[in-house]
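Listed below are the residues making up each chain.
Number of protein chains: 2
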Amino acid sequence: MTTTTATDVLPSAVTHTTSGRVYNFSAGPACLPEEVLKQVQADVWDYRKTGVGILEHSHRAPTFDRMLEETFAECRAAGEIPADFEIVFMPGGATQQFGLIPMAWLKPGAVADYPDTGVWAAKSIQEAKIWAKVIGARINVAFEGSTFKYDHVPAADEIKHSPDAAYFHYCSNNTVYGTRYPTTPVSKAPIICDASSETFARPHEWSKLAMLYAAGQKTLGPAGMVLVVVRKEFVAQSRTDLPSMFDYRTFIAGESRPNTPPTFGIYLMGEMFKWIRRQGGPSGLAIKNAEKAQILYDVMDRSGGYYTGLARKESRSHMNVSFRLPTEDLSATFAREAAAHGLDCLKGHKDAGGIRASIYSAFPKAGCQALAQFMVEFQRTRG
Amino acid sequence: MTTTTATDVLPSAVTHTTSGRVYNFSAGPACLPEEVLKQVQADVWDYRKTGVGILEHSHRAPTFDRMLEETFAECRAAGEIPADFEIVFMPGGATQQFGLIPMAWLKPGAVADYPDTGVWAAKSIQEAKIWAKVIGARINVAFEGSTFKYDHVPAADEIKHSPDAAYFHYCSNNTVYGTRYPTTPVSKAPIICDASSETFARPHEWSKLAMLYAAGQKTLGPAGMVLVVVRKEFVAQSRTDLPSMFDYRTFIAGESRPNTPPTFGIYLMGEMFKWIRRQGGPSGLAIKNAEKAQILYDVMDRSGGYYTGLARKESRSHMNVSFRLPTEDLSATFAREAAAHGLDCLKGHKDAGGIRASIYSAFPKAGCQALAQFMVEFQRTRG
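Which chain is which? The protein sequence lines are A and B, in order. Note that my numbering numbers the first sequence so that position 342 is 322, with each residue one more than the last. Note that my numbering numbers the second sequence so that position 332 is 312, with each residue one more than the last.
Simulated from the structure, these hints should not be mistaken for lab results. Warning: the hint list may mix true and false statements.
Remember, identical chains collapse to one label, so a pair may be satisfied in a single copy or spanning two.
[Claimed, not checked] Straight-line C-alpha distance at most 30 Å; calculated DSS-like pairs for lysine-lysine:
| no. | residue 1 | residue 2 |
| --- | --- | --- |
| 1 | 212 | 129 |
| 2 | 212 | 113 |
| 3 | 268 | 254 |
| 4 | 330 | 29 |
| 5 | 345 | 29 |
| 6 | 109 | 212 |
| 7 | 29 | 18 |
| 8 | 103 | 87 |
| 9 | 109 | 330 |
| 10 | 113 | 129 |
| 11 | 109 | 87 |
| 12 | 188 | 29 |
| 13 | 87 | 330 |
| 14 | 140 | 268 |
The task is simple: from the sequences and hints, build the whole structure.
Take a look at the structure:
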C-alpha cells in the first residue's frame, strides 16, 4: 500500500491537521502517544483528585508511595521482568551509566569487553577507558564496527572475547546507523545491555542478561533519567566504597528514591509502561514495530538504489531507519521539504549524514505511511 | 490580621475551591505557581506552535537551541549572576553534588571544611567523607550543630576553620529545622553554597562565593536535576581525569547538553526564572517571603508557648517554618485536621517531628494567612 503512486494532495494527507501536531521523527527526545500527553496535561494540574499536581507531590507522601509502587509493578509487567532482577529509576542519561558501570564492576587489573557498533557504543568505550585508567584496568574493544562504517553488528565469530572479562557490554540497537542485534550476543561474562533505543519494543532475553539499562527519552518518555534492570546477584558483586549516588545499591535500598528522585520522569515512565501493556507488551510491539519499519524498508528496496540504507539487511533496526539519497544535497532537500509537509526531524545524525527516520514504539504507523508516500513522490518528481 | 479570632467557616475559607487545588506545604517537590502550570499544560501538547510538545523536542533541534539560550539568559537575569560564573543544568539531585564536589576539588592529603547545620548538611559531610577515604583526604566538621539540636546556624566565632581548606561547604537554608544563615559565612577558602531550598529567594552574595548549587524541586520547579553556578576560575582547578559525567567541565563545554539532558526540567526551570523575574527577582521575593514567614512566626510568638519554634529567632528560615505543639500527639492531630481543611503536607520531617510549613517563593501568601487562621482556631478549640 505504501509504494503506490503518491497523490497530489501531499500536504493535507501527511499533516495531523485535527490535533495541530506533526509527525515527529526525532531520535530522542521522541514523540509520545497523544493519549499519554492528555493524561499528563490533566495530572500536572491535579493528580488523582489530590488537589496537587504531579510535579508538586512530595516523594515521601502517600500519593507518591502508591504511584511508585504501581510504576514498579507496571514496569515489571510491561517488560516481563523476572523476579531475580531489581528495577531501578535513576537520574542522568545513558552516558552517566557509561561511567557508573566500570566504576561498579571493573576492578584494578581486570578487563571488560565492549563491541563497538556505533556512536553510542563508542562513547561507552571512551567513558569506560577513562575509569579504567584511573584504577589500572583495561577495556577490550571486542569488535571494531568503524572498520565497516558501522553497517552491521557482529556475528558471533566476529567478536573477540577476553578469556576472563568482568563483563560484556553492548548496545542492542544503534540509533545513528540504524542497526540492531537480531538476538542477544553470547559471552561467558555477565552481559550488560544498553537498550536505550528499543526498551520493551521487543522481548528482552532476560535469562541471558546480567543488566539492562535505558535512557528514557526514546522509548520510555522522560529525558534525563534511566531505567536500570539488574540481576540481584550481579549487583551484589559491585564496588561498595563510592559516594552513595554512584552505587546501585543505594537506589535499590531506597526504592529509587534514596533522595529526591526525578518524580515527574518516574510518573511519565509509569504512564508509558501502562501504554506499552495496552499495546500487547514487547511481543505485541515487536510485531507493530516490524510492520512500521517494513513500510519504509520496502520503499528503499524498491527504489532502484535511489534510497540506500546505511545498514546491511541482516542488521536492520526496527527503530531507526537510516538511508541516503544519491547526494547529500538531495538528502538535505528531502529533509527540508518533508518538514514542510509535517514530517519533522528527518535529518540524519551529524556523524552519518543522510536521512534518519526514528520510529520508536510510540510513533504511529500512519506516520510511516505518510513518509513512505512522501519518499515515493519525492523520487518521482526529483529522482 | 492573622491573629484575630478564626471564624466558623474554616473549610470553605481555607480551600481553593475555584481551582480544585489545595495549599500544599510540601518541603519539596513543592507547589508551583498556577500560571506556570497552565503554561506547562499548553506546552506539553504543542510548544510554541511547532506541532511538537516540549517533552518530545530533540535537544539538538533549533526549537530547543532557542529555549536553552533563553533559559540561560533568564537564569542569569533572575539570579543576578555575574559574568565570571558559569551556569550549568545537571541531572541528579543535591546528593549527587555531595559526591561530585569532593571528587572535583578534594586532592589526596587535603582537607575541606563543612559546618553541620542540619540533616542535609550532615548528609553532605557523610558523602564527602566516603570520597575522602577513597583518595586519602579529610573532612573537617567545622561546626557541630547536632549539639544544639540544630536550632541555629553558627555565628562567625563558632566555626572552626582549617588553616588551608580546599573549600568551605555550607547549606544556606536548612529545611528540616527551619534555620538559615542571615548572611554568607566567612572563610578564606573558596565557598560552596547549597542553596537548594532558597534559590533566588533572596539575593545571593556572589562576590563571596566560588559556587552555588540547588536541587530544583523546592524553589526552581523540577525534581531530579540541579542548577550549578560556578566561578570560572574555580572550575578550572577541578580534577580532570574522571568519566565525563562527573566533570563539571563537560557540562560547561556542552552547554548543559553534552548528552541528552533533562529537557523538560530545563524548560520548567526556564518558566520559573521568568516567573521569578515577574516577582521582582531575589530582592522582590525576599520582601514577599519575609512577609509570608512573619505571618506564621507572629502566631507562634503570640501563642504563649503553645507553638514553639525549632529555630532560634536569629536563625529563622523564611522558607521552612518548623514548630511543635505541646505534644507530638497534638502535632499529629493538627497536621491531620489541617489537611482536612485544604492545608496539606504539614507533618514535620521524621528527624525533627512536629509541624513544618514549607512556604517557598511560589507558595501564595493567602496560604500562609489560611494556616495562621487555622493555628489560632486550633489553639482556641484544642489548646
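Do the hints match the structure? See the list:
1. 212 - 129: neither (37 Å within a copy, 39 Å between copies)
2. 212 - 113: both (28 Å within a copy, 27 Å between copies)
3. 268 - 254: within (17 Å within a copy, 43 Å between copies)
4. 330 - 29: between (46 Å within a copy, 26 Å between copies)
5. 345 - 29: The answer is between: 23 Å across copies meets 30 Å, while 34 Å in one copy does not.
6. 109 - 212: Both: 26 Å inside a copy, 27 Å across copies.
7. 29 - 18: The answer is both: 16 Å in one copy and 17 Å across copies each meet 30 Å.
8. 103 - 87: Both: 20 Å inside a chain and 27 Å across chains, each within 30 Å.
9. 109 - 330: within (24 Å within a copy, 43 Å between copies)
10. 113 - 129: Answer is within; shortest intra-copy Cα gap is 27 Å, inter-copy 45 Å.
11. 109 - 87: both (13 Å within a copy, 22 Å between copies)
12. 188 - 29: Cα proximity of residue 188 and residue 29: none, with 43 Å in one copy and 46 Å across.
13. 87 - 330: For residue 87 and residue 330, the Cα distance exceeds 30 Å both inside one copy (35 Å) and across copies (38 Å).
14. 140 - 268: Classified as neither: same-chain Cα gap 34 Å, cross-chain 65 Å, threshold 30 Å.
Hints 1, 12, 13, 14 from the list above are not met by this structure, while the remaining hints are.
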